[in-house]
Amino acid sequence: MNCLDFRRRIGAEPRSRDPDLIAHRDTCKDGCAAFWQRAQRFEDDLEAAMAVPVPEGLADRILLAQATGERRGQVVRRRAWMAMAASLLIAFMGAGMFWRHADLNSLPALAVAHMPGELDALNLTRPMTDAQVEAGFRGRSATLKGPAPAGVTYVHDCMVGTHAAVHLVTRMNDEPVVALYMPGTMSDATIDFHRDGWDGRQIALSGGTLVVMAQGASRQTMDAVARGWRNAIEGSGAPVVGRI
Amino acid sequence: MAPVVKDVNPKQRQYEAMVRALSADLYRYAFWLSRSETVAQDLVQETFLRAWKNLDTLRDAESAKPWLFTILRRENARLYERKRFDTVELDDTVAEDAAFASPERSGDAAQVREAILRLPEKYRDPLAMQVLGGMTGDEIAERTGQQPGAVTTQLFRARQRLKDLLGGPAAAERSRK
Numbered sequence: 014m015n016c017l018d019f020r021r022r023i024g025a026e027p028r029s030r031d032p033d034l035i036a037h038r039d040t041c042k043d044g045c046a047a048f049w050q051r052a053q054r055f056e057d058d059l060e061a062a063m064a065v066p067v068p069e070g071l072a073d074r075i076l077l078a079q080a081t082g083e084r085r086g087q088v089v090r091r092r093a094w095m096a097m098a099a100s101l102l103i104a105f106m107g108a109g110m111f112w113r114h115a116d117l118n119s120l121p122a123l124a125v126a127h128m129p130g131e132l133d134a135l136n137l138t139r140p141m142t143d144a145q146v147e148a149g150f151r152g153r154s155a156t157l158k159g160p161a162p163a164g165v166t167y168v169h170d171c172m173v174g175t176h177a178a179v180h181l182v183t184r185m186n187d188e189p190v191v192a193l194y195m196p197g198t199m200s201d202a203t204i205d206f207h208r209d210g211w212d213g214r215q216i217a218l219s220g221g222t223l224v225v226m227a228q229g230a231s232r233q234t235m236d237a238v239a240r241g242w243r244n245a246i247e248g249s250g251a252p253v254v255g256r257i
Numbered sequence: 018m019a020p021v022v023k024d025v026n027p028k029q030r031q032y033e034a035m036v037r038a039l040s041a042d043l044y045r046y047a048f049w050l051s052r053s054e055t056v057a058q059d060l061v062q063e064t065f066l067r068a069w070k071n072l073d074t075l076r077d078a079e080s081a082k083p084w085l086f087t088i089l090r091r092e093n094a095r096l097y098e099r100k101r102f103d104t105v106e107l108d109d110t111v112a113e114d115a116a117f118a119s120p121e122r123s124g125d126a127a128q129v130r131e132a133i134l135r136l137p138e139k140y141r142d143p144l145a146m147q148v149l150g151g152m153t154g155d156e157i158a159e160r161t162g163q164q165p166g167a168v169t170t171q172l173f174r175a176r177q178r179l180k181d182l183l184g185g186p187a188a189a190e191r192s193r194k
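Line by line, the protein sequences are chains A and B.
Here my numbering = 1-based position in the first sequence + 13.
Here my numbering = 1-based position in the second sequence + 17.
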């Protein structure tokens, strides 16, 4: 490195610790060491001049601005979360109310709700004639395609909710089983239910819906009554709706 | 009652340490860039707010200062674009015959500051990055998107222009007293 290169480099980067520069400074006989010394003093002055006073509390103000921004952001985020939570709650409540409304208007719910006014019918034991049973169905514009099950002790035309129904009680094995046939009320599938102490089954038929239910009756009795009424309403050869 | 002590998360600790360690140098750089105390404070505030948002991109402590200087430089450019400050560039031609003249003691800090303020931005900016940011010519070149040789020339000329300004009318004035 020659003196020109040395002085050009020091002129641009006086604080450089490049070994080549240091070596030239320490060996040059042409005043480069003195040049370097003056450059360092000039640099000291330059650094001192550039170190202008910093406004008091600058760092604290910066941190305050950041903390305030963060806090504001947190509040905005919290509000967004709360709005989302409120929306979800409202959606759940809506869904719950919809479900409850749908449930209260289901045929099993309406059938069970119909029963408190008809409990005396469960105590009847005198069998009704086939003509009386057929008359009960005619009252609802329905006809039987097969023989009614034995042991029918009650026939009456009722309203189950808004559905016109033939209310039947069949006593089998000394157990009263209620059958509510709602002609024209169509349903999709067979559903078993347990509700307010009643065990029951909603059965979809081709011309309406049959709900069979009892309190404490055996499953075999329930099945036999259900099968008997289905055969009576649809005929023994009719396909079972909702079942393959 | 015992004081409530809440753990500060590492990001917040890193940020606070960075602000306390580097805000002074950053302010000084902003001041020399903008030549205004008010604008410098605004620039530093904006720079640190932007740094907070992008703190995860900072990999190591050593690069924090150049990183902040770069952000501040961009913020200044944005501010300049928005406000279009009225700036007056000084004559850029330097008397090259004094290029290797022995630098004299440059007088008090106020005179040096006045001289620095009169430097064109293209000299003042790299000079401040070097003196205040401790960056080498290569680092400045990388941060400013220039060739290293061009930055070396700017740094050399910046000092020569300063010596020129300090050794000119001011020196003459001093010698008369």
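Note that these hints are calculated values from the structure, not bench results.
Accuracy of the hints is not assured; some may be wrong.
[To be verified] Here chain A is said to cover these stretches of chain B; the calculated rule only asks that three of the stretch's residues, wherever they fall, bring their Cβ under 8 Å from a Cβ of chain A:
1. 74–84
2. 149–155
[To be verified] Computed list of chain B residues with no C-beta within reach of chain A, every gap over 10 Å:
3. Ser40
4. Glu54
5. Thr87
6. Arg91
7. Tyr97
8. Glu98
9. Ala145
10. Gln177
11. Leu179
[Stated by the list, open to error] One-sided and incomplete, this derived list gives chain B residues near chain A with beta-carbon spacing under 8 Å:
12. Tyr32
13. Glu33
14. Ala41
15. Arg45
16. Phe48
17. Trp49
18. Ala126
19. Val129
20. Ile133
21. Leu134
22. Arg135
23. Thr169
24. Leu172
25. Phe173
26. Arg176
Built from N, CA and C at the ideal position, the CB exists for glycine as well.
Taking the hints in turn, this is what the structure says about them:
Only residues whose C-beta sits within less than 8 Å of a C-beta in chain A count toward coverage, and the segment 74–84 of chain B has 0 of them, not enough to reach three; the restraint is violated. Counting residues of the segment 149–155 of chain B whose CB lies closer than 8 Å to any CB of chain A gives 3, which reaches the minimum of 3, so the coverage claim holds. With a cut of 10 Å on Cβ distances, Ser40 of chain B falls inside the contact zone with chain A, its closest approach being about 5 Å. Glu54 of chain B, annotated as away from the interface, has a beta carbon of chain A within 10 Å; the closest lies near 7 Å.
Non-interface call for Thr87 of chain B relative to chain A: holds, since the shortest CB-CB distance, roughly 18 Å, exceeds 10 Å. For Arg91 of chain B, the shortest C-beta to C-beta distance to chain A comes to about 18 Å, beyond the 10 Å cut-off, and the non-interface label holds. The Cβ of Tyr97 of chain B lies farther than 10 Å from every Cβ of chain A, with a closest approach of about 20 Å, so its non-interface assignment holds. Every CB of chain A lies more than 10 Å from the CB of Glu98 of chain B, the least distance being 23 Å, so the non-interface label holds.
At the 10 Å boundary, the C-beta of Ala145 of chain B falls inside the reach of chain A, the nearest C-beta of that chain being 7 Å off. A Cβ of chain A approaches the Cβ of Gln177 of chain B within 10 Å, the least distance being about 7 Å, so the stated non-interface status is violated. With a minimum CB-CB distance of about 7 Å to chain A, Leu179 of chain B fails to clear the 10 Å threshold, and the non-interface call is violated. Taking 8 Å as the C-beta contact cut-off toward chain A, the hint placing Tyr32 of chain B at the interface holds, the least distance being around 7 Å.
Taking 8 Å as the C-beta contact cut-off toward chain A, the hint placing Glu33 of chain B at the interface holds, the least distance being around 6 Å. Evaluation of the Ala41 of chain B hint against chain A yields a held restraint, the C-beta minimum of about 5 Å falling below 8 Å. For the restraint placing Arg45 of chain B at the interface with chain A, the shortest Cβ-Cβ distance is roughly 5 Å, inside the 8 Å limit, so the hint holds. The beta carbon of Phe48 of chain B is positioned within 8 Å of a beta carbon in chain A (closest approach about 5 Å), and the interface hint is therefore held.
A distance limit of 8 Å between C-beta atoms decides the matter here; for Trp49 of chain B the minimum to chain A is near 7 Å, and the interface restraint holds. The restraint placing Ala126 of chain B at the interface with chain A holds, with a minimum CB-CB distance near 4 Å, inside the 8 Å limit. Of the supplied interface hints, the one on Val129 of chain B holds, with its beta-carbon coming within about 3 Å of a beta-carbon of chain A, less than 8 Å. For the restraint placing Ile133 of chain B at the interface with chain A, the shortest Cβ-Cβ distance is roughly 6 Å, inside the 8 Å limit, so the hint holds.
Taking 8 Å as the C-beta cut-off, the interface hint given for Leu134 of chain B is violated, the closest approach to chain A being about 10 Å. For Arg135 of chain B, the interface hint is violated, the least distance from its beta-carbon to any beta-carbon of chain A being 13 Å, above 8 Å. Interface restraint check: Thr169 of chain B against chain A, minimum CB-CB distance 5 Å, threshold 8 Å, status holds. Proximity of Leu172 of chain B to chain A holds as hinted, the smallest CB-CB distance being about 4 Å (cut-off 8 Å).
Proximity of Phe173 of chain B to chain A holds as hinted, the smallest CB-CB distance being about 4 Å (cut-off 8 Å). A hinted interface residue such as Arg176 of chain B counts as satisfied when its beta carbon comes closer than 8 Å to some beta carbon of chain A; here the least separation is about 6 Å, so the hint holds.
The structure fails hints 1, 3, 4, 9, 10, 11, 21, 22 (numbered hints given earlier, in ascending order).
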